[in-house]
Amino acid sequence: MEQVTTPTQHHSGRRTDRLRKLLARHAALVGMPLFLVVFLAATVAIHPDFNAFDAQSLAMAALPLAFAAAAQAVVVISGGIDLSIGSVMAVANVLAARTMEEADFGTSLLLAAAILLAGAVVGAVNGALVVVSRVPDVIVTLTTGFIWGGVALLILERPGGGAPDDFLALATGTFGTPWLSNSLILLAVSVAVIWIPVRASKTGLRLYAIGSDRVAAFRSGVAIGPSRIVAYIVGGLFSSIGGIGLTMTTGIGSPRAGVLYTLSGLAAVVIGSVSLVGGRGGVVGPVIAAFVLTLIPSDLIFLNIDPNFGQVIQGTLIVLVVMAGGLATLARTRK
Amino acid sequence: MTAWLQRNTIAVLILLLLAFVAVVEMIKPGTINGVWLSNTLLFAAPLGILAAGQTLVMLTGGIDLSVVSVATGAAFLMTTTSLRVGDTGAVAIGLALGLIVGLVNGIGIAVLRVQPLVMTLGTGLMTQGIIIVYSQRILSTRSVVPDFIHTLGSGRLADAIPVDLFLWVPIAAVTIYGLARTGFGRLLYAVGDNREACYLAGIRVWRVLLADYAICGVLAAVAGIVLVGNTNSADLGLADTYLLPSVASVIIGGTSIFGGRGGYAGSIVGALILTVLNGLLTLLDSPEPVKQILYGAIIFLLATAYTRLTD
Chain A
1 MEQVTTPTQH HSGRRTDRLR KLLARHAALV GMPLFLVVFL AATVAIHPDF
51 NAFDAQSLAM AALPLAFAAA AQAVVVISGG IDLSIGSVMA VANVLAARTM
101 EEADFGTSLL LAAAILLAGA VVGAVNGALV VVSRVPDVIV TLTTGFIWGG
151 VALLILERPG GGAPDDFLAL ATGTFGTPWL SNSLILLAVS VAVIWIPVRA
201 SKTGLRLYAI GSDRVAAFRS GVAIGPSRIV AYIVGGLFSS IGGIGLTMTT
251 GIGSPRAGVL YTLSGLAAVV IGSVSLVGGR GGVVGPVIAA FVLTLIPSDL
301 IFLNIDPNFG QVIQGTLIVL VVMAGGLATL ARTRK
Chain B
1 MTAWLQRNTI AVLILLLLAF VAVVEMIKPG TINGVWLSNT LLFAAPLGIL
51 AAGQTLVMLT GGIDLSVVSV ATGAAFLMTT TSLRVGDTGA VAIGLALGLI
101 VGLVNGIGIA VLRVQPLVMT LGTGLMTQGI IIVYSQRILS TRSVVPDFIH
151 TLGSGRLADA IPVDLFLWVP IAAVTIYGLA RTGFGRLLYA VGDNREACYL
201 AGIRVWRVLL ADYAICGVLA AVAGIVLVGN TNSADLGLAD TYLLPSVASV
251 IIGGTSIFGG RGGYAGSIVG ALILTVLNGL LTLLDSPEPV KQILYGAIIF
301 LLATAYTRLT D
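These protein sequence lines map, in sequence, to chains A and B.
The opening residue of the first sequence carries number 1 in this note's numbering; numbering runs sequentially from there.
The opening residue of the second sequence carries number 1 in this note's numbering; numbering runs sequentially from there.
It should be emphasised that the hints constitute simulated quantities derived from the structure, not laboratory data.
The C-beta atom is built at its ideal place from N, Cα and C for all residues, glycine as well.
One or more of the hints may lead you astray.
Said to hold, decoys possible - Computed list of chain A residues with no C-beta within reach of chain B, every gap over 12 Å:
| no. | residue |
| --- | --- |
| 1 | D54 |
| 2 | A55 |
| 3 | A103 |
| 4 | V121 |
| 5 | P164 |
| 6 | G282 |
What the hints assert, rightly or not - Chain A is faced by these chain B residues, among others (derived, beta-carbon under 8 Å):
| no. | residue |
| --- | --- |
| 7 | Q136 |
| 8 | V247 |
| 9 | A297 |
Please model the complete structure; the sequences and the hints are all you need to start from.
In structure tokens form, the structure reads like this:
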């Protein structure tokens with residue numbers, strides 16, 4: 001028997017279809033906050049005394065990782081990868097701690113601006129090396145990461161330095177209520193100021209285009225090389241803010257601290273946008289994933305479990321997320 | 001000229017290696033002698049073995065970022081279990097770690113089609129985390145490097161031939177022969193060249209990849225064990241500095257990261273070049289950060305030159 005579809009059925013079918021497509025496109029945007037809420041609820045459940053102080057330390061601990069995730073996300077969207085982000089953060093971290101030690105608040109702000117500029121230049125160098133050398137980006141950024149790590153050590157050999165207290169308060173203080181950490185505001189404002197204009201402009205469109213299909217983008221007249229460099233510049237900006245954030249939240253510079261953030265930031269991107277495929281996803285998903293990844297070790301402490309399991313869980317989470325993604329694709333193609 | 005260079009990449013690499021050796025001799029005349037050669041080969045072996053695994057996965061268009069965690073983990077497991085289960089058992093435990101992580105990598109990449117970079121990043125973090133947790137559980141256990149492993153990693157036969165060559169040379173021979181002359185070896189090139197075509201030709205691609213990553217995991221464990229035989233103490237950062245060199249020696253050696261092109265002979269020369277370069281930077285007597293920057297910069301220049309040459 002043949003099935004008859006009434007017009008209304010057809011219409012509503014199309015509407016749910018469109019809704020489903022919308023959800024699928026913004027899965028990370030809907031899913032990640034949900035994920036974070038579930039984790040926060042779990043945290044409060046196992047640690048009922050969760051107070052403003054805990055919220056503040058979570059926000060501070062997540063700050064550098066969130067910027068590392070944002071930096072990696074932009075490069076991944078453009079179809080690349082950057083394994084030097086942690087080292088660039090380390091450079092910004094020690095630059096800030098070294099130069100701001102004796103400075104006052106105003107000078108510190110100027111220095112911070114200069115460091116952001118330096119971060120953008122470092123990003124541009126990374127991007128230019130990738131484009132000009134034609135060596136795969138994984139290899140180039142693995143090597144430049146090694147080089148920037150050396151530069152960080154050159155600037156500050158062992159942990160030290162500092163910054164004026166009122167400058168540190170830009171991340172360590174709270175705004176209005178003790179529940180609202182300044183670091184959250186710093187993060188939200190930085191991401192909004194840098195990413196929204198890029199995303200809304202043609203530049204942003206080009207980043208997504210070269211990430212999703214480089215040949216098609218080229219044939220549509222997108223200048224591939226410059227666009228790739230732009231992605232690394234934005235990544236360098238985010239990395240340097242992350243490095244300054246590291247100075248703010250730890251109070252010092254340490255040349256080896258940033259290095260950890262390369263892999264954790266990549267992990268946040270994988271979890272926050274469920275793949276490393278270019279041309280899709282955004283910056284918000286990975287940033288929220290950074291908070292989830294920061295919550296895990298502190299939850300383990302509340303549960304009286306060795307917080308070092310955090311890294312095991314982080315790795316397992318990546319593997320499970322990508323495997324589930326693979327399984328879903330497999331099931332779809334079998335159908 | 002360029003055409004000749006492209007056909008004889010190994011010859012070019014060997015010339016480059018000799019050039020580095022010549023620079024060492026120029027900076028400090030009298031350095032190049034039997035002892036220097038013996039030392040260089042001794043230090044190159046763990047890197048060469050790591051690079052063997054990395055070559056095998058890069059030929060299929062993959063990469064393995066978990067090799068350093070596996071190498072460190074295998075060495076650490078072996079040294080901390082040797083008092084309880086005996087030397088052979090401890091070595092077996094170390095190798096088993098490599099096999100397990102390799103198989104997990106293989107399942108994710110081959111069956112579930114996860115990107116190799118992401119998969120091995122995840123398993124690398126997992127392995128490292130597990131080893132850190134384990135190390136804190138067994139604080140009281142004494143860590144002992146079995147005698148024969150110590151001999152393997154740092155001994156010299158007749159004061160000249162490094163003992164680890166007796167492991168590296170067979171591994172190299174089997175790898176080179178296997179890649180050139182066996183069905184499995186040719187399949188690695190084929191899968192790296194065109195996975196879809198292999199699938200359509202009836203090749204069970206997933207089996208090839210699974211075996212490939214398992215072998216890479218075991219080789220990483222072997223490298224870690226040789227390395228700890230050399231340092232004689234297993235700490236949690238044992239192989240950390242080997243990630244970049246393990247990938248770089250394969251790239252410099254002419255294996256394409258996109259798969260299907262290259263071989264292990266080039267990686268061997270790549271590993272030797274990087275080891276000589278390391279010694280050269282030590283000779284320069286410059287501070288550690290400067291060495292690190294120079295090392296990275298030279299690797300980048302070599303990779304660029306090579307890509308230009310072969311593209």
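Okay, the hints, checked on the actual structure:
no. : hint : in the structure
1   : D54  : 24 Å, holds
2   : A55  : 26 Å, holds
3   : A103 : 24 Å, holds
4   : V121 : 17 Å, holds
5   : P164 : 27 Å, holds
6   : G282 : 18 Å, holds
7   : Q136 : 7 Å, holds
8   : V247 : 6 Å, holds
9   : A297 : 6 Å, holds
The structure agrees with every numbered hint stated previously.
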